[in-house]
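Required output: the full structure, derived from the provided sequences and hints.
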Amino acid sequence: MESVIPILEFKKTCVSYTKQTMAVKYVSAAIDRNTITAIMGPSGCGKSTLLRAVNLMHSLYPNIRVDGEILLGGENILSMEPIDVRRRVGMVFQRPAPFPTMSIYDNVLSGYVLNGIRLSKAEKDATVERCLRSVALWDEVKEVLNKKGTFLSGGQQQRLCIARALAMQPDVLLMDEPTSALDPIATAHIEELMQELQKEVTILIVTHNMGQAMRISSKSMFMYLGELVEYGDTAAMFSNPSDERTKAYLTGKMG
Amino acid sequence: MNDRIYRILLFAAALVMPLVCGGVVYALVTDAREAFEHFGFFNFLTSSEWSYTEGAEQYGALPFITGTLMTTLLALIFCIPFSLPVALFVGEYFKGTRVAAILSTITDLLAGIPSIIYGLWGFYTLRPLIIMLDISPQGSGVLIASLVLAIMIVPYAASLSAEFIKMVPNDLKEAAYSLGATRAEVIRRVVFPVAGSGIFSAYILAIGRALGETMTVTMLIGNTNNIPNSITSTGNSMASIIANQFGEADDLRLSSLIAIGLILYLITAVINMIGKIMIKRARIV
Chain R
0 MESVIPILEF KKTCVSYTKQ TMAVKYVSAA IDRNTITAIM GPSGCGKSTL
50 LRAVNLMHSL YPNIRVDGEI LLGGENILSM EPIDVRRRVG MVFQRPAPFP
100 TMSIYDNVLS GYVLNGIRLS KAEKDATVER CLRSVALWDE VKEVLNKKGT
150 FLSGGQQQRL CIARALAMQP DVLLMDEPTS ALDPIATAHI EELMQELQKE
200 VTILIVTHNM GQAMRISSKS MFMYLGELVE YGDTAAMFSN PSDERTKAYL
250 TGKMG
Chain Y
0 MNDRIYRILL FAAALVMPLV CGGVVYALVT DAREAFEHFG FFNFLTSSEW
50 SYTEGAEQYG ALPFITGTLM TTLLALIFCI PFSLPVALFV GEYFKGTRVA
100 AILSTITDLL AGIPSIIYGL WGFYTLRPLI IMLDISPQGS GVLIASLVLA
150 IMIVPYAASL SAEFIKMVPN DLKEAAYSLG ATRAEVIRRV VFPVAGSGIF
200 SAYILAIGRA LGETMTVTML IGNTNNIPNS ITSTGNSMAS IIANQFGEAD
250 DLRLSSLIAI GLILYLITAV INMIGKIMIK RARIV
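Here the protein sequences come in this chain order: R and Y. Position one of the first sequence corresponds to residue 0 (numbering that gives the first Met the number 0), numbered consecutively onward. Position one of the second sequence corresponds to residue 0 (numbering that gives the first Met the number 0), numbered consecutively onward.
It should be emphasised that the hints constitute simulated quantities derived from the structure, not laboratory data. Misleading hints may appear alongside valid ones.
Computed list of lysine-lysine pairs in DSS-like fashion (alpha-carbon distance at most 25 Å, straight line) [said to hold, decoys possible]:
| no. | chain 1 | residue 1 | chain 2 | residue 2 |
| --- | --- | --- | --- | --- |
| 1 | R | K123 | Y | K172 |
| 2 | Y | K172 | R | K146 |
| 3 | Y | K94 | R | K147 |
| 4 | R | K24 | R | K246 |
| 5 | Y | K165 | Y | K94 |
| 6 | R | K11 | R | K24 |
| 7 | R | K120 | R | K141 |
| 8 | Y | K94 | R | K18 |
| 9 | Y | K279 | Y | K172 |
| 10 | R | K24 | R | K252 |
| 11 | R | K147 | Y | K172 |
| 12 | Y | K172 | Y | K94 |
| 13 | R | K146 | R | K123 |
| 14 | R | K147 | R | K120 |
| 15 | Y | K94 | Y | K279 |
| 16 | R | K123 | R | K141 |
| 17 | Y | K165 | Y | K279 |
| 18 | Y | K279 | R | K147 |
| 19 | Y | K279 | R | K146 |
| 20 | R | K198 | R | K123 |
| 21 | Y | K275 | Y | K165 |
Have a look at this one:
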């Protein structure tokens, strides 16, 4: 059984931007396969920083240090090649960012193009359709696949970005406040979609929106000043937080 | 009341530039008229004769148009392998670092060197080298003029390209990295396509610079009034024939030189306009 090894595990993970200050302090947590885990906390608490550590985004910036261990299927990613990690860990950003010079079709396939993987025309068509269907965008765009991705609405663009990440068939999907730039209807669309997606991928989502965390996640992390204050079942945490700081945040006294 | 005076002054000052520009065109057209009327506009453009024996005077602009276009095009080709790496270095690889600041300052300094210095350097340093390497017997010619011209336009192409490369949103680059792309792939597939029209406009503006460059070319191109039949042969550009012959010319020859000036002005204006339009388009993305 695979379930013995968690898909993702933080072990005393620390991230520091400068020598003196740590943005993420000794976070330890195990994430189960095919779940949605929400990371909550006030601005500047290190939740995005923790998320970006998982696909080694920090290695793009020479000043940022990541210490401890992050295990992906039991293997420490901090000693893996960033490119190999990123192929297995997809990411969706706060602002929808489809590649403006590529068509919708090419945007979905951009992961393959960027990695220099060649696909046959039939494979390409199948991948594009599969991915756009899984983000419920296929029916809306199947007639305009050759148009630029930037021609879509914000919500559609974000779904296109999710499709782009899914095309690489990642084990884990990181979402950094994926709906904060979207209207409520588009947000609802994406939340609904995530429920479907967790069947194929493990999702880790940073959110500012407590309602969202409650609606979609099975487990939640609450971070404060770089520390993981509380981690557990979302329902239990919302009804009965064990830490005073979590309680203060969830009741709106802090944030 | 104060506001009105201020506005009138501003308006008057703003009016001066279009007036000067119009005046230049007017003067060029009136003085070039004689040549165009004598030879016919298209005949003047396509004739390659340039002889001033009295009674059988024959002037045509083709050798000089060819000379200008050849040197400019070659300069552009030579300039790309130097300016593009500088732009990438400053705008992407070492963006915001001290090294990048130093490199871009030094590159910009190249733009401040007077063209006569470039001419002298080309004449006394590069020309003997070209003779020594047996590339051309006399050294001077289209090739050497283009090489020095290329160095002169590097700062224009590099600093503007770097600006456009810097403007590529970080979101897009991170998105590409998050899909497992290497830096080279991000540059090839994201940075270049997104900054593409901006980079293109940078080179158009660099071409605009190279077209009208006079002193360096005059010193290096060899000043022969023929169509250059290879890149190592000598020739003359539009700017260099004017610089060479202006002092001694009168009547029809003077008018012909001014006509060449008018054509150069028009070509440069069109190229610059294309560059400006491209920049505007590039900024929207």
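Taking the hints in turn, this is what the structure says about them:
1. K123(R) - K172(Y): holds, 23 Å
2. K172(Y) - K146(R): Between K172(Y) and K146(R) the Cα gap is close to 21 Å, so the pair holds against 25 Å.
3. K94(Y) - K147(R): violated, 29 Å
4. K24(R) - K246(R): Cα-Cα ~21 Å, so holds.
5. K165(Y) - K94(Y): Given pair K165(Y), K94(Y) holds - Cα atoms ~7 Å apart, limit 25 Å.
6. K11(R) - K24(R): Distance ~7 Å between K11(R) and K24(R) Cα, so the pair holds.
7. K120(R) - K141(R): Holds: K120(R) and K141(R) sit about 16 Å apart, inside 25 Å.
8. K94(Y) - K18(R): holds, 22 Å
9. K279(Y) - K172(Y): Holds, at about 23 Å.
10. K24(R) - K252(R): holds, 23 Å
11. K147(R) - K172(Y): holds, 18 Å
12. K172(Y) - K94(Y): holds, 13 Å
13. K146(R) - K123(R): holds, 17 Å
14. K147(R) - K120(R): holds, 19 Å
15. K94(Y) - K279(Y): Answer holds: K94(Y) to K279(Y) is near 23 Å, not above 25 Å.
16. K123(R) - K141(R): holds, 14 Å
17. K165(Y) - K279(Y): holds, 16 Å
18. K279(Y) - K147(R): Distance of about 20 Å is within 25 Å: holds.
19. K279(Y) - K146(R): holds, 22 Å
20. K198(R) - K123(R): holds, 23 Å
21. K275(Y) - K165(Y): Satisfied, since the Cα-Cα distance of roughly 19 Å is no more than 25 Å.
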